[in-house]
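Taking the hints into account, I'd like the entire structure generated from these sequences.
Line by line, the protein sequences give chains Y and S.
Quick note, in this note's numbering, the first sequence goes up one by one and the last residue is 252.
Quick note, in this note's numbering, the second sequence goes up one by one and the last residue is 356.
To be clear, the hints were calculated from the coordinates, so they are not data collected in a lab.
Note that CB positions come from ideal geometry on N, CA and C, so glycine has one too.
Keep in mind that the hints are not guaranteed to be accurate.
Stated by the list, open to error - According to the in silico footprint, chain S covers these stretches of chain Y (three or more CB under 8 angstroms from chain S):
hint, segment
1, 7–20
2, 84–94
3, 206–213
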Amino acid sequence: MIKVILIDDEPLACEIIKKYLSHFDDIELVQVCSDGFEGVKAIQQHQPDLIFLDIQMPKINGFEMLELLDTKPSVIFITAYDSYAIKAFEANAVDYLLKPVPEERFREAVLKWKSKLTPTAPQQMDSVLNTMAAAPVQQNRVVVKTGSKVKIIPVHDIQFIEADDDFVKITISEGAFLKNKTMSFYEQTLDPQQFVRVHRSYIIQINQITKIEPYQKESHLAVLRDGKKIPVSKTGYAKLKQVLGI
Amino acid sequence: MRVKISSATTKLPILGFIVLWMGFHGWVLYSNYGLSWESAGWDSVIFNFTLVSAGILVSYLNRYFPKNGAFQITVGVSLVLAFFVEWISEQALLPLHEGNTSYLNFFNQSEPIRWAIAFLMITSAGLINLFYNKWKEEQDLYEREASTHVMVKEAELQKLQLQLQPHFLFNSLNSINALIMTQPDKAGKMVQQLSDFLRATLKRADEQWITLAKEIEYLQLYLSIEKVRFGHRLDVRMDLDDQIQLWLIPPLLLQPLVENAIKFGLYGTTGQVIVHLSTQRAGNSLLVAITNPFDEDMQPAEGSGFGLSGLRRRLYLLYARNDLLSTRTEENKFIVQLTLPEKYD
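Below is the structure:
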């Protein structure tokens with residue numbers, strides 16, 4: 007049996023997909039979730055083969071939910087209207103369904119997935135998620151997971167971002183959170199007037215800096231409001247000076 | 012476009028002035044300089060006729076002058092024309108008075124004064140015409156700008172008013188699709204509600220002012236659809252002042268505000284969403300307050316303050332005021348307050 011999970015916040019929208027799925031003998035709908043938080047839990051618990059995912063949902067959207075998963079299942083996106091997302095899907099050849107979804111179109115998408123004609127490669131998915139992270143709705147916040155809890159961090163609360171193996175560590179006043187993104191991703195998506203990559207392994211928010219002191223040959227240390235010291239490389243120092251206008 | 016100074020309303024006074032001036036000229040020569048009636052008359056007619064011709068000529072010519080140097084060129088041309096006036100008068104008057112030494116003496120003595128008068132009069136005519144044209148041109152430009160401004164404003168208002176949310180529309184159609192399969196009778200009802208709502212939206216877009224009662228009615232249509240989609244989470248409570256139901260307000264103002272509150276309630280929080288709407292009168296104003304739950308974790312869309320910038324712009328276009336819409340957060344509530352001044356024409 008193929009295990010699937012459906013995540014959509016509108017009960018009627020779920021009804022129709024349930025109905026369509028009931029016409030497949032080899033598919034088992036293991037859970038229906040009404041938001042991304044439930045979705046993350048259900049996916050970790052059931053390890054489904056395929057999920058049907060709505061985009062606009064309470065608090066965190068479908069893309070942010072996917073970002074929280076360490077191993078991502080196959081996804082068929084379902085959306086009513088989101089020009090930004092549709093552009094991202096088209097650009098990366100990711101299959102998606104538009105509401106109202108006709109049954110034939112739904113069957114077609116599932117059969118295509120079953121025959122592995124359109125398996126979404128991880129890099130395709132990463133590309134979609136990166137595009138969407140820069141979308142207006144998402145660009146002011148970062149969604150992270152600590153244990154089983156999901157936390158939404160407003161971008162202006164970030165003190166600094168640090169490279170940590172394959173992850174980045176995002177530090178705010180309450181602590182640090184790991185996120186499976188790259189330094190260059192944040193360097194590109196965060197506002198360059200607000201965040202500066204001062205070192206190969208560090209991006210800092212400039213209004214967190216209280217002073218910059220010299221340190222060893224040709225490098226500096228940025229002292230943050232709470233006393234933390236962040237290394238600043240020679241090129242990082244030049245970038246800082248440019249942004250601060252000194 | 013430059014307009015000649017001699018339009019119907021200006022022609023008569025100018026003609027009258029010329030006749031008076033000619034009479035004055037003749038009378039001065041007769042009474043103060045002892046010329047005969049005949050000499051004084053010819054002198055006045057010939058000198059002033061050439062003078063008026065020169066004045067008209069400079070007024071016509073100055074429309075061809077380059078914009079930048081028009082003033083200087085007008086003065087220069089007047090200078091030259093003054094000599095012509097002098098010369099033509101001389102050519103016409105002297106043969107008429109052959110042998111009349113007293114007149115010839117008078118003419119010789121008066122030459123510098125004639126030239127000065129001619130120069131001043133021609134320059135005045137030229138410059139008055141120049142400035143009049145310039146003023147007229149600016150007036151036209153101003154009128155054109157004003158009318159384009161009105162058109163742009165109307166177009167912008169219409170656009171701001173008619174912001175049908177595609178997301179809402181497609182999701183409603185999706186709900187109808189689901190109801191057709193599960194509860195066909197409800198599907199029919201929802202199709203009806205959606206049609207009524209769309210029809211009202213199109214109708215409202217043409218109206219300037221509607222009563223508060225009508226806008227509430229329209230809001231109810233919208234809410235009936237949202238109830239079908241989100242009945243499990245959404246509860247909208249209204250607290251309306253009956254006294255002001257006939258108050259006139261711009262159409263499609265409350266519904267987008269409530270839609271906005273619902274959207275941020277539903278997508279900004281999890282769990283039950285209570286949206287509260289109240290209307291009341293405060294002096295000459297109508298106060299509307301809309302409250303929705305709000306989660307501090309969530310970041311309002313940058314700058315727009317929960318997507319209200321379009322409404323703010325509309326209020327500015329309608330009332331020329333920027334202070335009619337205010338927002339605040341109170342504990343876990345987001346409150347939008349709208350103040351509508353009494354309708355004026």
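May I ask which of the numbered hints given earlier this structure violates, with the numbers listed in increasing order?
-> 3
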